[in-house]
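*Asks:* In order, the protein sequence lines correspond to chains D and A. Per our numbering, numbering of the first sequence is gapless, rising by one per residue and ending at 408. Per our numbering, numbering of the second sequence is gapless, rising by one per residue and ending at 263.
If you are wondering where the hints come from, they were derived from the structure by calculation, not from laboratory data. Glycine included, every Cβ here is placed at the ideal spot set by N, Cα and C. Mixed in with the good hints there might be a few duds.
Said to hold, decoys possible - Residues from chain D shown here face chain A by an in silico Cβ test under 7 angstroms; the list is partial:
| id | residue |
| --- | --- |
| 1 | Met237 |
| 2 | Arg243 |
| 3 | Ala383 |
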Amino acid sequence: MLVFDGVTLDFGDGPVFDRFDLAVAPGRLVALLGRSGCGKTTSLRLAAGLVAPASGRVENRFRRTAMVFQEPRLLPWADATDNAAFGLAALGVGREARRARAGDLLTGFGFAPADLGKRPAELSGGMQSRVAIARAFAVEPDLVLMDEPFAALDVGLRRELQDLVRDAVERRGSAVLFVTHDVTEAIRLADRILVLSARPARVVLDAEATPTADPAAIHAAAATFLALPAARGALLER
Amino acid sequence: MNAAARLAWGAAGLAGLAVAWEAGHRALGPLVLPAPAETAATLTTLILSGKAGPALAVTAADALGGWLAGAMLGAALGIAGGLLPPLGAALRPVTIVILGVPPIAWVVLALLWFGPAGLSAGFTVLVTVLPIVFAGAFQGILARDPALGEMARAFGAPPLLKLRALIVPQLLDHLLPALATALAFAWKVAVMAEVLGGGTGIGGEIATARAHLDLAMTLAWVMLAVALLLACDAALLSPVRRRARGVA
Chain D
171 MLVFDGVTLD
181 FGDGPVFDRF
191 DLAVAPGRLV
201 ALLGRSGCGK
211 TTSLRLAAGL
221 VAPASGRVEN
231 RFRRTAMVFQ
241 EPRLLPWADA
251 TDNAAFGLAA
261 LGVGREARRA
271 RAGDLLTGFG
281 FAPADLGKRP
291 AELSGGMQSR
301 VAIARAFAVE
311 PDLVLMDEPF
321 AALDVGLRRE
331 LQDLVRDAVE
341 RRGSAVLFVT
351 HDVTEAIRLA
361 DRILVLSARP
371 ARVVLDAEAT
381 PTADPAAIHA
391 AAATFLALPA
401 ARGALLER
Chain A
16 MNAAARLAWG
26 AAGLAGLAVA
36 WEAGHRALGP
46 LVLPAPAETA
56 ATLTTLILSG
66 KAGPALAVTA
76 ADALGGWLAG
86 AMLGAALGIA
96 GGLLPPLGAA
106 LRPVTIVILG
116 VPPIAWVVLA
126 LLWFGPAGLS
136 AGFTVLVTVL
146 PIVFAGAFQG
156 ILARDPALGE
166 MARAFGAPPL
176 LKLRALIVPQ
186 LLDHLLPALA
196 TALAFAWKVA
206 VMAEVLGGGT
216 GIGGEIATAR
226 AHLDLAMTLA
236 WVMLAVALLL
246 ACDAALLSPV
256 RRRARGVA
């Protein structure tokens, strides 16, 4: 369980959060929707313990948390396998064991044996994103924080990686807090969709959802979703 | 271009240099430029007579000793300065001043302080190397990518892993080129200091050869100095360069 209880935070340019509440239950993929700059990324950084709230409480009762950033954030001097194994190294897993586990995971993510030893500069953007996702899932997290990880990728690749995340979630039962500004991405992936208002962020809409890969269903659901006054107000209107 | 082709073209370039040397010798005469063959013969005699060895040892001790001391001091100060901003701000202009003093001025000062033999060449190398390595280490610490640091924190990486997988590789990216540059300078400055000191080492021998107007001998000693630099680079720095990018 991840709980934000009355969180207040201000970086000096107006409050990002003012008595903000949020809860993420185990095994669910929760999409966090909102406009740019509304505090979505900050909520992930709070959950990861990278920033502390000025007041209120962030309680992360999950056993192990992993994070996928907006950019892959790979070590340029390490190969794909060592990068995917970084989280395992942080847990103290020995080199042989962690490389074997990371290699298996990458192979499952579509890596050819020859690609496992490549440095990030030799990998395409999509492959780099796969390494970043593998790095997160390698530690067998029960909470994964994802910050618009596919925003820079083309539509086809994005769908492929979305399926990969959905599949990893279903197989492992990890909870995911997935930040995005793309309504169709949220509908495609999420069990629950939260819409944040502009700063200071509040949850203006909290909707249960059923993830689907069917494009027609996604479009229909997105239209219905954006017709809701709360969603329209937070996401579309100025 | 593959490795074999690169090697072949490199050899062709050196052969071209030898041809130009020979042509220069024929055009200008042996008093200006001795024949490559004559120089090679002199070089062989130098090595076989056992005269080269001790001179090489003295120059190597001057160059490597000064380089090592300057590198350790420069790296330590650079890392400390990078980690402690006030110290870094205080040290930077000092090292720029040291860097700005021409090596020849350091040679003169060292000769006055330490006398013609002994420490003067090594000291000159040290003050030449120190600011170069300082700048490399300082940049290596400052140029760390904060995004990678945050990633490591998000995964709860312990300090030792951060040091090994993040800080050291980023530091080496800047430190290794600085060490290589400093090493090349170390040989040149050591030989220069020895020439001016007129005492021992390759530089001392060059000074003697110059006094005898023996060009073949001078060039033979120069070739030895170059060979020493190349051997040292291959033995010391190439393995480190190759290894530096392989850690994680």
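*Asks:* A separate judgement is required for each hint: does it hold in the structure or not?
*Replies:* These are the hints, each one checked on the structure:
1. Met237: holds (4 angstroms)
2. Arg243: Given a least distance of 4 angstroms, the restraint on Arg243 of chain D holds.
3. Ala383: At 29 angstroms from the nearest chain A Cβ, Ala383 of chain D fails the 7 angstroms test, so the hint is violated.
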